[in-house]
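Asks: Hey, can you work out the whole structure from these sequences and the hints?
Those sequence lines, one after another, are chains Y and R. So our numbering is basically just the index in the first sequence, starting at one, shifted up by 40. So our numbering is basically just the index in the second sequence, starting at one, shifted up by 14.
Derived from the structure by calculation, the hints contain no laboratory data. Predicted model only: the values in this text are computed from it and were never measured. Keep in mind that a hint or two might mislead.
[What the hints assert, rightly or not] Derived pair list, reagent style DSS-like, types lysine-lysine, alpha-carbon separation capped at 27 Å:
no., chain 1, residue 1, chain 2, residue 2
1, Y, LYS256, Y, LYS228
2, Y, LYS43, R, LYS310
3, R, LYS291, Y, LYS43
4, R, LYS138, R, LYS310
5, Y, LYS54, R, LYS53
6, Y, LYS43, R, LYS75
7, Y, LYS97, R, LYS291
8, R, LYS96, R, LYS310
9, R, LYS233, R, LYS218
10, Y, LYS217, Y, LYS122
11, Y, LYS119, Y, LYS97
12, R, LYS233, R, LYS141
13, Y, LYS43, R, LYS17
14, R, LYS218, Y, LYS122
15, Y, LYS119, R, LYS218
16, Y, LYS256, Y, LYS158
[To be verified] Reference listing, derived: stretches of chain Y covered by chain R, where coverage requires no fewer than 3 residues with Cβ under 8 Å from a Cβ of chain R:
no., region
17, 42–55
18, 73–81
Every residue gets a Cβ at the ideal spot worked out from N, C-alpha and C, and that includes glycine.
Chain by chain, the residues:
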Amino acid sequence: MEKPFILHMLTTAKNLSPFDVNMAMDAGWISAVPYINVEPSEVRGLVQDAIFSRSPKGLLRTAIFIGGRETKQAMDMLKMAKNSMVPPFEVSVFADPSGAFTTAAGMVAAVEKELADKFDTTLAGKNVLALGGTGPVGQAAAVIAAQAGANVRIIGRQLDRAERTAELCSEEFGDGKITIAAGADTDKAEYMQTADVVFATGAAGIELLSAELIAKAPQLKVAADVNAVPPSGIAGVDAFDNGKPIAGSISGAVGIGALAIGNIKYQAQSRLLKRMLESDQPLFLHFEHAFEVAREFIKSTN
Amino acid sequence: MPKRSILHMFDPMPNNSPFDINMALDAGFDVLMPYSNVKLENIHNLTQDIIFSRSPSGVKKTAIFIGGRDMGMAIDMLQACKPAMVPPFQVSVFADPSGAYTTAAALVACVEKALREHHGKELKGCKALVFGGTGPVGIATGVIASLQGADTVLIDHLSVDSANDAVKQYNRRFSSQMTGGVARSDDEKAALIADADIVFCTAKAGIRVLNAAVLAHAKQLKVAGDVNAVPPPGIEGVGVNDFAVPLVHATQSVNAVGVGALAIGNVKYQLQHELLKLMLETETPLFLDFREAFSKARTLV
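Replies: In structure tokens form, the structure reads like this:
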């Protein structure tokens, strides 16, 4: 008999996200086991416990999911998990803290699609503003867009925090191969003069971009908002919008709302969970892989 | 519809061990339910909650697993389950904190087999050192070896007081006759190993406990067993897959052999698997600790 699929689900929070549990079960994992309040220092012990009770063949049907809330912490835990493997005793690991990696991937992939469909162009060389970009989704989206060739600026209410986040994204998540800039929220009118793309990834219920700034932006093409709770993060962009022209935009910009992004996010997370089930070698998955499968999904719907 | 089998997994720690989770599912339990941060005083109520929601035939498909890291706590919890049963409402209970009971049982059974086959001797009367002796695997190993009649020394790497505390507590509890020792340096290890017949290495993973220079001091070493599977091995020269392979660095000892972590792990794995399966198959409830584990391990090697 084949061994049942087991997903060990680690979180630094006091509970798993039920969203992730549903996703794991629906992707085909037979047993999803929670490990809560996990300290990053405990990752090595847990991983080595998980790898030594199955044969290498059985370990192909075993994997680890890393949740939590924080991007850097999740990436550190992923690295630590990878370094704790003792080949051939190794399992796949997938980090998606608060679903931020797959949400960011869904958003950037949706933006890329609109750029291609409506403006016949790509992310390369575009000016991207990540509003409310210091949080987990903003960080991952900034890195993914920068890796696709965009000039990304993370905008925060506090400039020093935005600067620290931008540096973390460039150096740590981008391996020093990308350069992400920072800016203060009070200067956003100026940045909107040259922005091609806007990501709104702030806290739910806060308007990050007004109708007035949208209307006047001379070269804005796509504005994406991950917030599903009214009011919208971007004025005039509804949660259901999926490439709908934004009323009043002089540049003919289109909007992408939370539900359209959510659909791609769902597909990306599900595909990565399934990839771990099907792979004949261990995979270490994070936002880059989420973007890969989000693009794959969009391609499959064209 | 037939009832699904359920394993309720009690753990005094914040989380269960992923090792045990894999093992329990692979042994055939349909549903695993983790209970974390469980305290000894919770055991009675949790157990009665488990036995009273299924018919006597349903409780046969229900069992309890006790994990954690503390050797004594697991025994206390196992004991606390027993009076909570109300026959015919009763379930099997298996304690194996950190896998320590099955690891120790497998280690001693493997070493015993090598001792018999390569030296024609029994554990009784042999001098056995347990390095990493104050950890859960070390204590269980020490108790099993001592109950088999070996002159057993539990060795701590920092303090003889820690070793003596453990010895006192567990000798009283299990009627064993261990003594305590300390090995803070290679010199202290060399002095201890000089007249040892058996070495059990149960220290933390990835730590070299006995190097070649220390092993060269052993004058009558017969078998050395190492449970550390993460490089470097705890005992220099013992490969993880070795089963009774000559210990080349024990230059003064004749025919000394080593048993490596994966060879022991293989027996431990089968043992834990069999004990979990036993709970699914048994007609009468079982209470399994390291003593039952050792009896079963002897039949496996």
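Asks: Hint by hint, note whether the structure agrees.
Replies: Verification of the supplied hints:
no., hint, result
1, LYS256(Y) / LYS228(Y), "holds (12 Å)"
2, LYS43(Y) / LYS310(R), "holds (24 Å)"
3, LYS291(R) / LYS43(Y), "holds (15 Å)"
4, LYS138(R) / LYS310(R), "holds (19 Å)"
5, LYS54(Y) / LYS53(R), "holds (18 Å)"
6, LYS43(Y) / LYS75(R), "holds (20 Å)"
7, LYS97(Y) / LYS291(R), "holds (21 Å)"
8, LYS96(R) / LYS310(R), "holds (21 Å)"
9, LYS233(R) / LYS218(R), "holds (26 Å)"
10, LYS217(Y) / LYS122(Y), "holds (22 Å)"
11, LYS119(Y) / LYS97(Y), "holds (23 Å)"
12, LYS233(R) / LYS141(R), "holds (12 Å)"
13, LYS43(Y) / LYS17(R), "holds (21 Å)"
14, LYS218(R) / LYS122(Y), "holds (20 Å)"
15, LYS119(Y) / LYS218(R), "holds (22 Å)"
16, LYS256(Y) / LYS158(Y), "holds (19 Å)"
17, 42–55, "holds (count 4)"
18, 73–81, "holds (count 6)"
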